[in-house]
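K.L.:
So the chains spell out like this:
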Amino acid sequence: MTDTVIEAKGLVKKYGDLVAVAGIDLEVRAGEIFGFLGPNGAGKSTTISMLCTLLTPTAGVARVAGIDVVHDPAAVRQRIGLVFQDPSLDEQLTGRENLEFHAFVYSVPAPDRRRRIDEMLNLLQLADRAASPVKTYSGGMKRRLEIARGMLHQPQILFLDEPTLGLDPQTRKSIWTHLNELRSAKGVTIFMTTHYMDEAEYCDRIAIIDRGKIVALGTPEELKQMVGGDVVTITSTQPDDAAREINTLLGVTATRDNGSLRMEVPDGKAFVPRLVRELSAPVDTVSLRRPSLDDVFLKLTGRAIREEEVSSRDWNRALASRWMGRRR
Amino acid sequence: MTVETAAPTIATAPAAPIDTRMASLRAIYIIWYRDILRYWRDRWRLVASLAQPLLFLVVFGSGLSSSLGGAFGRGSGISYIQFMYPGIIGMSILFTAIFGAMSIVWDREFGFLKEVLVAPIDRWAVAVGKALGGTTQAMIQGLILLVLAPFVGVKLSVLTVVELVPLAAVLAFGLASFGVAIASMMKSLQGFQVVMNFLMMPMFFLSGALFPLTNLPGWMTVLTRIDPASYGIDPIRRVALSNSGLPNVNSLGLTIGGQVLSIPMEAGIMLAFGVVLLGVAVVMFERRD
Chain A
0 MTDTVIEAKG
10 LVKKYGDLVA
20 VAGIDLEVRA
30 GEIFGFLGPN
40 GAGKSTTISM
50 LCTLLTPTAG
60 VARVAGIDVV
70 HDPAAVRQRI
80 GLVFQDPSLD
90 EQLTGRENLE
100 FHAFVYSVPA
110 PDRRRRIDEM
120 LNLLQLADRA
130 ASPVKTYSGG
140 MKRRLEIARG
150 MLHQPQILFL
160 DEPTLGLDPQ
170 TRKSIWTHLN
180 ELRSAKGVTI
190 FMTTHYMDEA
200 EYCDRIAIID
210 RGKIVALGTP
220 EELKQMVGGD
230 VVTITSTQPD
240 DAAREINTLL
250 GVTATRDNGS
260 LRMEVPDGKA
270 FVPRLVRELS
280 APVDTVSLRR
290 PSLDDVFLKL
300 TGRAIREEEV
310 SSRDWNRALA
320 SRWMGRRR
Chain B
0 MTVETAAPTI
10 ATAPAAPIDT
20 RMASLRAIYI
30 IWYRDILRYW
40 RDRWRLVASL
50 AQPLLFLVVF
60 GSGLSSSLGG
70 AFGRGSGISY
80 IQFMYPGIIG
90 MSILFTAIFG
100 AMSIVWDREF
110 GFLKEVLVAP
120 IDRWAVAVGK
130 ALGGTTQAMI
140 QGLILLVLAP
150 FVGVKLSVLT
160 VVELVPLAAV
170 LAFGLASFGV
180 AIASMMKSLQ
190 GFQVVMNFLM
200 MPMFFLSGAL
210 FPLTNLPGWM
220 TVLTRIDPAS
230 YGIDPIRRVA
240 LSNSGLPNVN
250 SLGLTIGGQV
260 LSIPMEAGIM
270 LAFGVVLLGV
280 AVVMFERRD
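Residue numbers (numbering that gives the first Met the number 0), protein chains in the order written: chain A, 0 to 327; chain B, 0 to 288.
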């Protein structure tokens with residue numbers, strides 16, 4: 000057995016003329032947290048669905064836990080845990096009953112059922128609410144229950160599709176704490192998609208996906224090194240003049256981004272005084288920071304992923320599901 | 000599916016041995032159990048589903064009984080309310096079985112169906128589990144109404160009750176399978192309701208629950224004989240009214256070409272209908288992605 004648990008080669012998914020995933024190659028190692036990062040519509044969910052055997056690839060091969068996803072989907076499903084983007088709990092049943100249902104359909108051996116359910120409820124801090132109907136749970140608790148459920152049949156890999164969508168920052172953070180705990184307690188490999196840049200930092204390795212293709216793959220540090228040095232951003236009342244001067248006097252290319260100018264320089268601390276001294280165009284504000292994954296994405300695709308890019312559809316869906324959950 | 004490029008060959012790791020037959024049985028059990036649990040927990044639905052038959056019996060039954068008077072059944076010795084009572088048991092089974100299947104559409108709407116469909120279990124087990132869940136609920140719902148027998152002047156014996164249980168079961172099974180087959184093709188709750196209104200209400204009216212299926216216009220006779228519920232309700236009526244002073248209970252019996260069908264024959268038709276429709280449901284479940 001190698002320590003590669005997910006392997007994809009030339010994975011393609013087409014819907015008629017629309018190419019959702021345009022040839023993806025990746026390898027995920029045992030025990031790592033692998034993040035799939037990209038804007039909406041980049042092909043994240045389509046890729047994760049193919050790896051989870053929910054969609055059949057148009058072309059290419061994927062092996063999960065050593066098994067071909069097309070050849071034996073049931074065997075793959077037995078070895079993976081799934082946390083879907085949309086809620087999939089029975090709200091009328093209690094947390095424990097939801098887990099019992101899962102234990103049955105995933106053939107958890109009878110003597111282990113109770114023990115594993117208790118263990119997961121404790122790990123995800125749901126034990127005290129296990130006997131309450133899920134409809135009384137908060138959004139974060141429902142997510143935790145779905146994670147507990149996904150881990151119940153002791154999968155080698157846990158797949159999570161946008162596990163933190165629609166949750167508040169504090170709850171998002173606690174979900175991450177739990178995922179890290181699960182990894183150290185159970186040695187499970189975690190494969191997840193997100194469009195939150197800050198979350199990608201928690202991952203061991205990240206693949207950045209845009210328009211159905213992986214544009215970069217590496218550790219968060221490696222990816223940030225793709226942006227040369229530091230990021231300097233200035234605002235100016237005459238941004239066009241400032242950009243021209245920066246280019247001619249300092250030899251640096253500045254890119255316009257929402258009325259501000261952004262440039263990547265090897266040594267920011269030395270650059271800022273020169274910039275202020277040599278520019279004749281007025282400079283209102285200057286900021287200097289280490290590159291973030293946002294900058295990496297911007298550099299690779301020429302576009303930024305921002306919170307606003309969370310499409311209104313996603314938000315509506317997240318809100319609707321909460322609202323309906325309460326209503327039921 | 001078509002693979003466009005030549006796929007590199009990858010050795011497949013041996014799968015851990017899981018007895019698939021046992022896995023399917025476990026799945027059927029837990030899917031059935033979940034339905035029963037939800038049914039049991041939803042007390043208001045239970046109460047509501049008893050209120051409707053009572054309303055029919057008390058208002059509709061009493062009203063028609065007194066206006067028809069002795070005219071009903073031409074001196075056969077039973078009142079309209081007695082005649083109608085087994086039909087109302089059938090109605091209760093029909094509505095519960097089909098609405099029970101609506102939980103599939105509901106589960107799709109609220110995401111739980113995904114948890115079921117991605118599980119490493121055979122799809123046919125899901126269809127069977129759902130059909131059995133609906134069957135059980137409908138059976139309970141129908142048999143509960145037997146407690147009303149003394150109030151409508153229907154005499155039941157231990158033997159008739161024992162005979163009624165399997166008859167209620169085949170009717171419930173046939174209609175629950177029908178509901179699962181329909182629900183497996185439906186994508187939204189609205190669609191299901193439309194189909195149900197165009198299928199369930201005619202099925203109820205043509206089933207002989209409310210009036211005898213004799214001396215009807217030709218076109219209607221044909222429709223009542225096509226209605227599968229007719230074959231489930233008629234035997235329930237014949238058995239339920241067997242101690243109620245009818246000179247010949249088979250005079251109620253459903254006829255085809257002037258020939259009265261025997262109770263086992265009717266039950267057999269109902270059972271066959273259920274099996275065929277369950278087969279349709281299984282095919283539909285296997286097919287969808």
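Worth double-checking, as some hints may not be accurate.
[As the list claims (entries may be wrong)] Below, in silico cross-link-like pairs of lysine to aspartate or glutamate (DMTMM-like), each with a Cα-Cα straight-line distance of 25 angstroms or less:
(1) B:K186 / A:D229
(2) B:K113 / A:D117
(3) A:K134 / B:D106
(4) B:K113 / A:D229
(5) A:K134 / B:D226
(6) B:K186 / A:E90
(7) A:K185 / A:D229
(8) B:K186 / A:E200
[Said to hold, decoys possible] Covered, in the sense of this in silico footprint (three residues per stretch, anywhere, with C-beta under 8 angstroms from a C-beta of chain B), are these stretches of chain A:
(9) 15 to 25
(10) 81 to 92
(11) 98 to 110
Derived from the structure by calculation, the hints contain no laboratory data.
Predicted, not measured: the structure shown is a model, and the values here were computed from it.
Glycine is no exception: its CB is placed at the ideal position from the N, C-alpha and C atoms.
K.L.:
Next step is simple, just say for each hint if it's right about the structure.
P.N.:
Results of checking the hints against the structure:
Distance restraint check for B:K186 and A:D229: the Cα-Cα separation of roughly 52 angstroms exceeds the 25 angstroms cut-off, and the hinted pair is therefore not satisfied. This hinted pair checks out: B:K113 and A:D117 have alpha carbons roughly 24 angstroms apart, not beyond 25 angstroms. Straight-line distance between C-alpha atoms of A:K134 and B:D106 comes to about 14 angstroms, which keeps the hinted pair within the 25 angstroms bound. Between B:K113 and A:D229 the CA atoms are separated by roughly 46 angstroms; this puts the pair beyond 25 angstroms, and the hint is violated.
Simply put, A:K134 and B:D226 have alpha-carbon atoms about 40 angstroms apart, too far for the 25 angstroms limit, and the pair is violated. For the proposed pair B:K186 and A:E90, the alpha carbon gap of about 20 angstroms is at most 25 angstroms, so the pair holds. This hinted pair does not check out: A:K185 and A:D229 have alpha carbons roughly 38 angstroms apart, beyond 25 angstroms. Annotation: proposed proximity of B:K186 to A:E200 is violated, straight-line Cα distance about 39 angstroms (limit 25 angstroms).
Chain B is given as covering the stretch 15 to 25 of chain A, and this is violated because 0 residues of the stretch bring a CB closer than 8 angstroms to a CB of that chain, at least three being needed. With 10 residues having a Cβ less than 8 angstroms from any Cβ of chain B, the stretch 81 to 92 of chain A passes the three-residue criterion, so the hint holds. With 7 residues carrying a beta carbon less than 8 angstroms from a beta carbon of chain B, the stretch 98 to 110 of chain A meets the three-residue requirement, and the given coverage holds.
Taken one by one, the earlier hints fail for this structure at numbers 1, 4, 5, 7, 8 and 9, listed in ascending order.
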